[in-house]
Amino acid sequence: VESGQLIKLLDVSFLTEAQLADVFQLAQSPDFRWWAGRMMLDFKSADKEGFHFEPPFEVLSPLVEVLTAIAVQTLPRSEAPCLIQLILNYYADGCAKVRPHRHRCRQVCVSLGSPRDVEVAGRVLCMRHGDCLPLAGEVHSVPQTEGGKQAAQPRMSVCLFYSTQAEVATGNAGVLANGSFWWSHPEDQHEED
1119 VESGQLIKLL DVSFLTEAQL ADVFQLAQSP DFRWWAGRMM LDFKSADKEG FHFEPPFEVL
1179 SPLVEVLTAI AVQTLPRSEA PCLIQLILNY YADGCAKVRP HRHRCRQVCV SLGSPRDVEV
1239 AGRVLCMRHG DCLPLAGEVH SVPQTEGGKQ AAQPRMSVCL FYSTQAEVAT GNAGVLANGS
1299 FWWSHPEDQH EED
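Our numbering applies: residue 1119 is where the sequence shown begins, and numbers increase by one.
Worth flagging that the hints you see were computed from the coordinates, not collected in a lab.
Since this is a predicted model, take the numbers as computed values, not measurements.
Be aware that a few hints might be false.
Label-pair distances were calculated between CB atoms; the ranges are [to be verified]:
1) 1168 / 1220: 23 to 29 Å
2) 1120 / 1213: 30 to 36 Å
3) 1307 / 1215: 21 to 27 Å
4) 1174 / 1153: 16 to 22 Å
5) 1265 / 1183: 32 to 38 Å
6) 1294 / 1171: 22 to 28 Å
Pairs of lysine-lysine, DSSO-like flavour, derived with a Cα cap of 30 Å [unchecked claim]:
7) 1215 / 1126
8) 1162 / 1126
9) 1215 / 1162
Glycine included, C-beta positions come from ideal geometry on N, C-alpha and C.
Using the sequences and the hints given, assemble the complete structure.
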């Protein structure tokens, strides 16, 4: 598995179109919250080994199993992944954009729904329904779709953030570039203060 190279999940895994459709339907959940031009939902891995999903989110389990298997293939043979966080981003149309950024960890993202261009280290890739993209710290972004609302139908990205145990132990891993280990919705940050 190469960082920055698209993988078609339906071709390389046991996942079915119906399972991906079930995940996409989660966008209707009231648990999603608005942030930065999109609806978001996140799950933090308390034990760094996996996630426990309560209904209706148990439909994420097969997808996370496959994303974790891909993550293992990106690490040195002797390393097990330290799972950090799963983030679901739902874009209602092509108006929202994600500015260039990088993470202090690795990630594997799958795109569901409408095709959308993604820029990775200066290259433009078109992610289609069921495409998966492993990244290892590259700068990446999602440009606004030309035509905005009229040009793009709904899309969801499901991103698994992970690292190695050694990277976590040294403090050199985390979802955010600013030093935070996890991404947190601003409403949650106010509750923590």
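Q) Which hint numbers doesn't this structure obey? A) none
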